[in-house]
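2 protein chains.
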Amino acid sequence: MLDLKTASRKESSNIVWHDASVTKQDRNRLNNQQSGIIWFTGLSGSGKSSIACALDKHLHDLSAHTYILDGDNMRYGLNNDLGFSDEDRRENIRRIGEVSKLFVDAGVIVLSSFISPFIEDRGFVRKIVNKGEFIEIFVKCPLDICEQRDPKGLYMKARKGEIKYFTGIDSPYEEPTKPEITIDTSFTGIDDSVNIIIDYLYRHSYIENILPH
Amino acid sequence: MLDLKTASRKESSNIVWHDASVTKQDRNRLNNQQSGIIWFTGLSGSGKSSIACALDKHLHDLSAHTYILDGDNMRYGLNNDLGFSDEDRRENIRRIGEVSKLFVDAGVIVLSSFISPFIEDRGFVRKIVNKGEFIEIFVKCPLDICEQRDPKGLYMKARKGEIKYFTGIDSPYEEPTKPEITIDTSFTGIDDSVNIIIDYLYRHSYIENILPH
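Residue numbers (my numbering), protein chains in the order written: chain A, 1 to 213; chain B, 1001 to 1213.
Bear in mind the hints are in silico, worked out from the structure with no lab data behind them.
Worth double-checking, as some hints may not be accurate.
As the list claims (entries may be wrong) - Which residues of chain A face chain B? A few of them, derived with a C-beta cut under 10 Å, are:
#: 1; residue: R27
#: 2; residue: E98
#: 3; residue: V108
#: 4; residue: I169
Unchecked claim - Here are the simulated DSS-like pairs of lysine-lysine, each with C-alpha atoms no more than 27 Å apart in a straight line:
#: 5; chain 1: A; residue 1: K140; chain 2: A; residue 2: K178
#: 6; chain 1: B; residue 1: K1152; chain 2: B; residue 2: K1164
#: 7; chain 1: B; residue 1: K1160; chain 2: A; residue 2: K57
#: 8; chain 1: A; residue 1: K24; chain 2: B; residue 2: K1152
#: 9; chain 1: B; residue 1: K1057; chain 2: A; residue 2: K24
#: 10; chain 1: B; residue 1: K1164; chain 2: A; residue 2: K24
Cβ atoms here follow ideal geometry from the backbone N, Cα and C, with glycine treated the same way.
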């Protein structure tokens, strides 16, 4: 190992860094899985967070190494300087994408749950990671059912005009054209949704060493 | 488990989320460690990255779950919109702190290696995590030795005036007043530095279940 005191300039350069560094493959091997981003997109009330949370629990119980990124830990921390203008919404998703990528590099299966209404923004996240590291899950649900559920009372506020540019009401939602998985929560429950995703992860070798056949 | 289709409004609210969510403690238990931020601060050329990298390798070989945040993966990704003005430097450290906190929440021991010259900025990171989750390591080294090493040729450029506001030359470095660990790399090599930190982590129960007595 390098002794800084006696090292030549060449020795103390980046060469040493790369020789010793732990790679994404090393971290995946330790975690016994293939890391990636499971990106949930859909209207407010479609069931993204409920499915992500149940999936996280299920994967954790199988000893998979996971983490959830959602409005709770992003909007109040890293992105607490961002509002809801078009520019800020784009920056919000950009940062979430970059953080998701760091987790993938750390060997973690990261579950990112955000309305993320724009194709271009989701496409950005897909592009910054390797092929197979971005699993887009379209949590599909008709607007009227989402509005009926309205778990946070947000649709009611949007209809009253208390929230502007609310996705589905006065701001568009662009459906994914080729998502890896589509789940229609108007007739698929959480248990079944989780099973669909677990099956996908198993068949595509993300967790093949963890789950029994 | 909740079926969205048949769920009442109350059932589909945040209550479900919290019932099922995986906690930091759960993730730490799975990883067999206590997560935290190991924050390396010091002049350019002091040896921060070399020590962080060697420590990461050592911890990984012990099956600890780690990740490194440094200029390479932060400045070219999440923080690629930031320059080097006072405001941007502060925002750079703020974001690194928030991302470090997410990794702690994910049960990971995160090694953050940045000059981070200002007491206030490092204090911000310490404040946003729980007591014991921030380990400040002052990588101490006299300026003339750092300048002699100059692994990236940055001091030479700073002396020529090609880089402005370079820490140690024409921008101040505020030494930590109460760091958890101080390592003087003008007489401590990398192996010894790593051993000092490993010993600290062991004695303070971050990795007590991983390392043999």
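Each hint tested on the structure:
1. Interface restraint check for A:R27: the shortest CB-CB distance to chain B comes to about 8 Å, inside 10 Å, so the restraint holds.
2. Given hint, A:E98 at the interface with chain B, holds; its Cβ is 4 Å from that chain's nearest Cβ, closer than 10 Å.
3. The interface hint given for A:V108 is met, as the beta carbon of that residue sits about 6 Å from the closest beta carbon of chain B, less than 10 Å.
4. Given hint, A:I169 at the interface with chain B, is violated; its Cβ is 18 Å from that chain's nearest Cβ, farther than 10 Å.
5. Taking the CA atoms of A:K140 and A:K178, the gap is near 13 Å; set against the 27 Å cutoff, the hint holds.
6. For the proposed pair B:K1152 and B:K1164, the alpha carbon gap of about 16 Å is at most 27 Å, so the pair holds.
7. A distance of roughly 56 Å separates the Cα atoms of B:K1160 and A:K57; the hinted pair therefore is violated under the 27 Å criterion.
8. Simply put, A:K24 and B:K1152 have alpha-carbon atoms about 25 Å apart, close enough for the 27 Å limit, and the pair holds.
9. Proximity of B:K1057 to A:K24 is assessed by CA-CA distance (about 12 Å); at most 27 Å being required, the pair is judged to hold.
10. Between B:K1164 and A:K24 the CA atoms are separated by roughly 35 Å; this puts the pair beyond 27 Å, and the hint is violated.
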